[in-house]
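Student: Sequences listed follow chains A and F, in order.
Every letter in the first sequence is one number past the one before it in the numbering used here, and letter 131, counting from 1, is 126.
Add 163 to the 1-based position in the second sequence for the numbering used here, that's all there is to it.
What the hints contain is simulated information worked out from the structure, not anything from laboratory work.
Ideal Cβ positions, reconstructed from N, Cα and C, are used throughout, including at glycine.
Hints should not be assumed to be uniformly reliable.
Part of the chain F face toward chain A, derived, beta carbon under 8 Å [said to hold, decoys possible]: (1) S408; (2) T413; (3) E415; (4) A416; (5) G418; (6) L420; (7) V422; (8) G425; (9) Q426; (10) M435; (11) P468; (12) S551; (13) A606.
Derived pair list, reagent style DSBU-like, types lysine-lysine, alpha-carbon separation capped at 35 Å [what the hints assert, rightly or not]: (14) A/K227 <-> A/K154; (15) A/K227 <-> F/K430; (16) A/K154 <-> F/K582; (17) A/K48 <-> F/K188; (18) A/K227 <-> A/K241; (19) F/K194 <-> A/K43; (20) F/K430 <-> F/K194.
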Amino acid sequence: MSAPTIEPGAVRTGSAVEPALRVDSLWKIFGNRADKVIGTEDANLTRKQLQEKTGCVMAVKDVSFEVAPGEVFVVMGLSGSGKSTLVRCLTRLIEPTAGSVVMNGEDVTAADEGRLRELRRRHAAMVFQHFGLLPHRSVRDNISFGLEVRGTGRAERRKRAQDMVDLVGLSGYELSYPDQLSGGMQQRVGLARALAGDPDLLLFDEPFSALDPLIRRDMQNEVIRLHHEVGKTMVFITHDLAEALKLGDRILIMRDGEVVQVGTPDEVVGAPADDYVKDFVSDVPKSHVLTLRWVMRPAREGEADGAPALPADTIVREAARSVLAAEGPVRVIEDDRVVGVVDDEDILRVVVAEEH
Amino acid sequence: MSSTLTVAPAPAAKEEQPRIVEAPKRHTGLKLLVVLAVWAVGYFLFHDRDTLARPFVQLNGLDRWFNHIRDVIQAAGQTNWFWHGVVGNFSDFVNSVIGWLQQLFSQPAAGRPVPQVGWLGVLAILGWIAYAMAGLRSAILVLVGTLLFGVLGYWGDSVDMLIVTLLSVLVSMAVGIPVGIAMARRRWVSTVVTPILDAMQTMPSFAYIPFFFVVFGPGATCAIMLTVVYSIPPLVRITEHGLRSVAAGTVEAAGSLGVTRGQLLRKVQLPMARRTIVLGINQCSLAALAMAVIAALINGPGLGPDVLAGLTNLDVGQGAVPGLLIVVVAIMLDRTTTAASERSEQHSRGERRMSRRANRIVLGAGLVVVAAAIYFSHFYIQAAQFPSALDVGSQLADGINQVTNTVVNAIDTLTLAFKNVISYGFLNPLQGLLADTPWWLMAPVLLAISWVLGGLRPLLITLVCEGVIFGVGLWNDTMITLTTTVVATVLVMIVALVLGVWTGRSRRADAVIRPILDGFQTIPPFVYLVPALALFGASRFTAIVAALAYAAPISVKLVADGIRGVSPATVEAARASGITSWQMIRKVQLPMSRSSIALAANQGLLYVLSMVVIGGMVGAGSLGYIVYSGFTQYNLLGKGLAAGIALTALGILLDRSARAVADRSGT
Chain A
-4 MSAPTIEPGA
6 VRTGSAVEPA
16 LRVDSLWKIF
26 GNRADKVIGT
36 EDANLTRKQL
46 QEKTGCVMAV
56 KDVSFEVAPG
66 EVFVVMGLSG
76 SGKSTLVRCL
86 TRLIEPTAGS
96 VVMNGEDVTA
106 ADEGRLRELR
116 RRHAAMVFQH
126 FGLLPHRSVR
136 DNISFGLEVR
146 GTGRAERRKR
156 AQDMVDLVGL
166 SGYELSYPDQ
176 LSGGMQQRVG
186 LARALAGDPD
196 LLLFDEPFSA
206 LDPLIRRDMQ
216 NEVIRLHHEV
226 GKTMVFITHD
236 LAEALKLGDR
246 ILIMRDGEVV
256 QVGTPDEVVG
266 APADDYVKDF
276 VSDVPKSHVL
286 TLRWVMRPAR
296 EGEADGAPAL
306 PADTIVREAA
316 RSVLAAEGPV
326 RVIEDDRVVG
336 VVDDEDILRV
346 VVAEEH
Chain F
164 MSSTLTVAPA
174 PAAKEEQPRI
184 VEAPKRHTGL
194 KLLVVLAVWA
204 VGYFLFHDRD
214 TLARPFVQLN
224 GLDRWFNHIR
234 DVIQAAGQTN
244 WFWHGVVGNF
254 SDFVNSVIGW
264 LQQLFSQPAA
274 GRPVPQVGWL
284 GVLAILGWIA
294 YAMAGLRSAI
304 LVLVGTLLFG
314 VLGYWGDSVD
324 MLIVTLLSVL
334 VSMAVGIPVG
344 IAMARRRWVS
354 TVVTPILDAM
364 QTMPSFAYIP
374 FFFVVFGPGA
384 TCAIMLTVVY
394 SIPPLVRITE
404 HGLRSVAAGT
414 VEAAGSLGVT
424 RGQLLRKVQL
434 PMARRTIVLG
444 INQCSLAALA
454 MAVIAALING
464 PGLGPDVLAG
474 LTNLDVGQGA
484 VPGLLIVVVA
494 IMLDRTTTAA
504 SERSEQHSRG
514 ERRMSRRANR
524 IVLGAGLVVV
534 AAAIYFSHFY
544 IQAAQFPSAL
554 DVGSQLADGI
564 NQVTNTVVNA
574 IDTLTLAFKN
584 VISYGFLNPL
594 QGLLADTPWW
604 LMAPVLLAIS
614 WVLGGLRPLL
624 ITLVCEGVIF
634 GVGLWNDTMI
644 TLTTTVVATV
654 LVMIVALVLG
664 VWTGRSRRAD
674 AVIRPILDGF
684 QTIPPFVYLV
694 PALALFGASR
704 FTAIVAALAY
714 AAPISVKLVA
724 DGIRGVSPAT
734 VEAARASGIT
744 SWQMIRKVQL
754 PMSRSSIALA
764 ANQGLLYVLS
774 MVVIGGMVGA
784 GSLGYIVYSG
794 FTQYNLLGKG
804 LAAGIALTAL
814 GILLDRSARA
824 VADRSGT
């Protein structure tokens, strides 16, 4: 199948809107004199070579991306790919070695300590893989902890915490302690704590990796629901491709600290940037991810005039029934323009290919 | 196109292969054998020559110089701005605080035949404190224990013991907890303080008593200072450890919410480390008690002098009763602080028996009772002086003497046989080898051993320590102490391996043995001498048995933890391949807990050394006895100081070498 020339992702990150988050050539190298590595020949070495030569470990290597307001941006990679370091650099829980992070127009990397604290208190909240709850505080006091440290009064704190408890579905457990809750419930507390401060940006560091598959699915749906309800910008770290495809508006794939590909789920599956990504997505049921744009072919002169029409971003699986039911090819339209046609053959090629 | 035979394509994402460094072969066993052979041959050719043995009362230049320094300091104590103005006034201040507390609680006050607050008042105060800190069960325990003070006839000395111990613990807390916090928060503080703590903990307590004795002179101030110095390291360490081991994820999560450093400490780290810090106070108070007892040697107030009198008179009963009371105090301190620690854990989880309000009301009511008890005990003699009709202490002492005599006579042949086997089979030959070999051969042999076992660093440390020991002129005595230490450590490790493997493998054995070990560990070392003396009389052997009893618990626990720490998956896999229990121990569990065993040997060694030194007073002789004599004989103080220095060198030598071996086996 051929890669189309248009880039659906580009529409959403157009320069018309100020991005919620802009990361510009961000580097993180652990080790002594790490800042001396950047800009020299050594920066081009592989991780292993760099470690042998200088003792430094390259965690994040020249990463740049933008996240639009309201977007769910997923960073995906295997363990050790640098994704967790990357997300910590965004609020400088880990100090980046070089590069800049701009959040809602404010340069995070240039902020002084007080300003940075303010930023963490009000603008960006994080949900952690191992929850990071305070065992000596009740659910309610955990959720309101962020408000407490920024000096909100007790009555308001309680009220806000109660709202968050209701929002994440923990009503009745306000006075329980973390170790009395299941893993999924603990992560709901983590989620509520992050939401309590009403941040503009939510950062998730593999939040559901420690949970059972069924609970994980529930929590993913919970995030989708919350995203619909509160509409926050989210940066979501995961090593699970299915999770990335399910949640992400766009996906950034990392390997050994470097960006391998950034794109929408169908771009990643339809046009993998290299063998690494291709290997990764080989098990994905393509008909669940690809849209008609990826399977259509140009219409021949006069072909399918008056045939049924489907939008170009319809998922193949959802289009299959109508296409197979139609007599001949089906028109694919975008912006009221016919951009191509698909017939039974095109659909079956994608669906049947998964059987192999 | 497809073929029937396909070769799997190389995966696109190849896992990065780690870099592997190969360790060089060491041939430790062979090298050790060569060293031992050279040593043995040297011994046969040259033994009893150049052993540097020196008669007990003979002083060398250094000893006399130390004596001179002592005299100078004593003279300066009258006039000099530092010795009189600073040290003298400080001493007077602490002495007057202790004196005031004693007149308040334990000794007759001015113008009264009894203290201001009599036994009933003290009982009520202690009960109330225990209740407030740790709950009803601890309060009852403390009340019973305190009543025993009077019943066994040592009311005043027991309360003195508590005063010295608790005052030292308070000082340790006031200094130690802030230092521990600073160490956890600032890396440079930790870098500076940790080696100091190491040094303080490696030194046998006996080694620095002479220095405090010279600076502060005998008495309460010296006792308090010694006790604080001895009990502060565990508290500082555990406080730092508690704060540092607060889950990194939690600290990071708090950071992501924008806490300040102060908020992090107050709202996250301290609450989460509270239980650990209270455990630190537990360790601190047991250490304080142990030292407060030993402070008897420099006339510290308390029960120590009573035990010491029993030991020096070789009267087991006379030593056993106050010894028993020391154990009672230890149990009171241990149980109360442990319960307080458990309670702080429960509180932090919101599991309270009573509401905060109800608790306050009960405590308030208790205060009224305490006030009434104080009032009665101040004005009525019955409540002030413990009724002597209840005193059964002397009967108990007689009883213990009788029983001991009977038992000792009955098992005489057994203990004698044990003593002889160890003495002739092990102790005497080794002492011959170590102490009768010429020093110029012995020194290189020790260097070679530390090099073979540990490498270059231990070699250098050994060289420096040997230099110090040689320099203070106590080579022969140090070698004798080393012999006793080595023999006791070997015995400790035999016990530790047998009991440790057993408790590590069997839950049931663990349930029985562990509480016993815990009990043994709360007893101050000094007290062990009493039963050891009963069994073996005044001899080298008494110290070895006491050391065995004192050091075995910690080593057994470490070995057991190591055995238990072996991954269950590995054990299961080994069992699945059909090995016997003995093979499991030999081929899986022991090799995999090697680093724990090395640590057990290291800890055992240090515990043994400190006990062997204390045992110097009851027949073990050598360094310990020289230190002890420094306090009792005016002229020998200088030599006692020198022995303290030699002890320190020996402690560092043994600790560093053992640690290097442990580090090697850990990799």
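Student: Compare the structure with each hint and give your call.
Tutor: So, going through the hints one by one against the coordinates:
1. S408: violated, 13 Å
2. T413: Because about 5 Å separates F/T413 from the closest Cβ in chain A, which is inside the 8 Å limit, the hint holds.
3. E415: Hint on F/E415: holds, closest Cβ of chain A at ~6 Å, below 8 Å.
4. A416: Interface hint status for F/A416: holds (3 Å vs cutoff 8 Å).
5. G418: holds, 6 Å
6. L420: This hint holds: F/L420 lies near chain A, its Cβ roughly 4 Å from the closest one there, short of 8 Å.
7. V422: At about 5 Å, which falls below the 8 Å cut-off, the nearest Cβ of chain A leaves the hint on F/V422 intact, so it holds.
8. G425: Violated, about 10 Å.
9. Q426: holds, 5 Å
10. M435: holds, 6 Å
11. P468: Since chain A brings no Cβ nearer than about 45 Å to F/P468, farther than 8 Å, the hint is violated.
12. S551: violated, 50 Å
13. A606: violated, 40 Å
14. A/K227 <-> A/K154: holds, 21 Å
15. A/K227 <-> F/K430: The hint holds at about 29 Å.
16. A/K154 <-> F/K582: violated, 75 Å
17. A/K48 <-> F/K188: holds, 26 Å
18. A/K227 <-> A/K241: holds, 17 Å
19. F/K194 <-> A/K43: violated, 38 Å
20. F/K430 <-> F/K194: At roughly 56 Å apart (the allowed maximum being 35 Å), F/K194 and F/K430 break the hint.
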